[in-house]
Amino acid sequence: MEKIKIKSKEKNAIIESLKAGIVPRIGLQHIQVGRADEIKEMIKDYELISDGGAKTRFIIGEYGSGKTFFLTLSKLIAHEKNLVVVSADITTEKVLCSSDGKSQKLFSELITNMSTKTKPDGGALRSIIERWASNILKSNENITEENIYKELMPLEKYVACYDFSKVLTTYINAYQNGDDIKMSQVLRWLRAEYTTKIDARNDLGVRTIIDDNNFYEYLKLFAGFVRLAGYSGLIVNIDELAILARLKSNIRNKNFERILNIINDSLQGTTEYLGFIFGGTPEFLEDKYKGMYSYGALETRLADNPFAKGGMKDLTGPVIRLDNLSQEELYMLFLNIRNVFAEYDETKYLVSENDIKTFMQWLMNRLGAKSFLSPRESIKAFIGLLSQLQNYPDTNISNYLSGVKIQEYKEPIDEELVSLKLGD
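In our numbering, the protein residues as written are 26 to 449.
Hint data in this document are derived by calculation from the structure and do not stem from the laboratory. Only a predicted model underlies this, so the values are computations on that prediction, with no experimental measurement involved. Just so you know, not all the hints are guaranteed correct.
[Stated by the list, open to error] Subject to a maximum C-alpha distance of 16 angstroms in a straight line, what follows is the list of computed EDC-like cross-link-like pairs (lysine to aspartate or glutamate): (1) 32 with 370; (2) 338 with 63; (3) 338 with 66; (4) 144 with 105; (5) 106 with 72; (6) 222 with 188; (7) 100 with 63; (8) 222 with 236.
[What the hints assert, rightly or not] Computed beta-carbon distance windows for the label pairs: (9) 386 with 331: 33 to 43 angstroms; (10) 330 with 105: 27 to 37 angstroms; (11) 370 with 413: 15 to 25 angstroms.
Just so it is clear, CB atoms sit at the ideal spot from N, CA and C, and this is done for glycine as well.
Given the sequences, and given the hints that come with them, work out the whole structure.
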């Protein structure tokens, strides 16, 4: 069997990210364990989207349950399925529905973070447009606006397609002429960075901009466009939904209404080649005062299958609940981290399998059977142990496990939200 190899860049990213309690952006395949059923369900979603369908998912998990890790892994799987992914976090300044530019800011971040398999860290907008443009240039000897609009005819069914097509035509002309300034202006417009219609008209000759009122329609339009560029569809990845609880009730309800519209469009088949993945906590999902269950229609759409009990999950609904890892899965995760530290060289292992079992028993004694399986806390502790064993090679695990306390992770709670945890 060929020995598994890990790049130094991947090793460093994994160790440093896990040490800081955050998800590494690369090398996830070296540490992934569990979630097999959930991953299979996401793959089914991606196949549906690639076939012209639409899907909306809610990934729900407690703090430290691996929700952000799962979202990142889902993004990488989407890339493997030839899907384009746009990602952003909800903040008090970037929301799904607003009248003061906050939805426009969310759209801008989504498009800025646009990613593909070849550009997984974002910034893929230019390369996607140029891939589309180069295909047109190859297939047409004489490029005219008529030829370009003909290529863009499949987008005519979308709202706001006219100005979208116009700026893409401008981009191709600028691309041919080497006009970097004009290409930059087109990219600014597509990233919703124009704040006034006058500036957009002066620079690009268009009458509209992407703003709070139309950004959802433009996400649908982008889903159609990436198909023309040779991709299978668009995935919109939005985390930190629980921040919506900080909004005033009338604004929060408008955001819930936008989420409901997205769900309904997916269910009723009015959108295509488009998927939404939202991340949040159980508390925010189920809270009937400020959470999604406070909006009656959302509670109806997102309620669990009453027959899904006794450990038998129903993953076909919109909500995927992430349980903490089992003891066996956590053990496998520690083995994987050991491999990363040693670069898959058994002679460089810092701990034995028995050492790992001893460490897990120590974790249980420290944090309790119910809480110690939170991956974030457990991983940080294990990384810290391996780092010390690496720094001081003459020591062993017994030198470190006595008298050490683990600080249980607690997310800071806004004073106005004492009874409500916020999204991971």
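Task: Structure versus earlier hints, numbers of those that do not hold, lowest first - done: none
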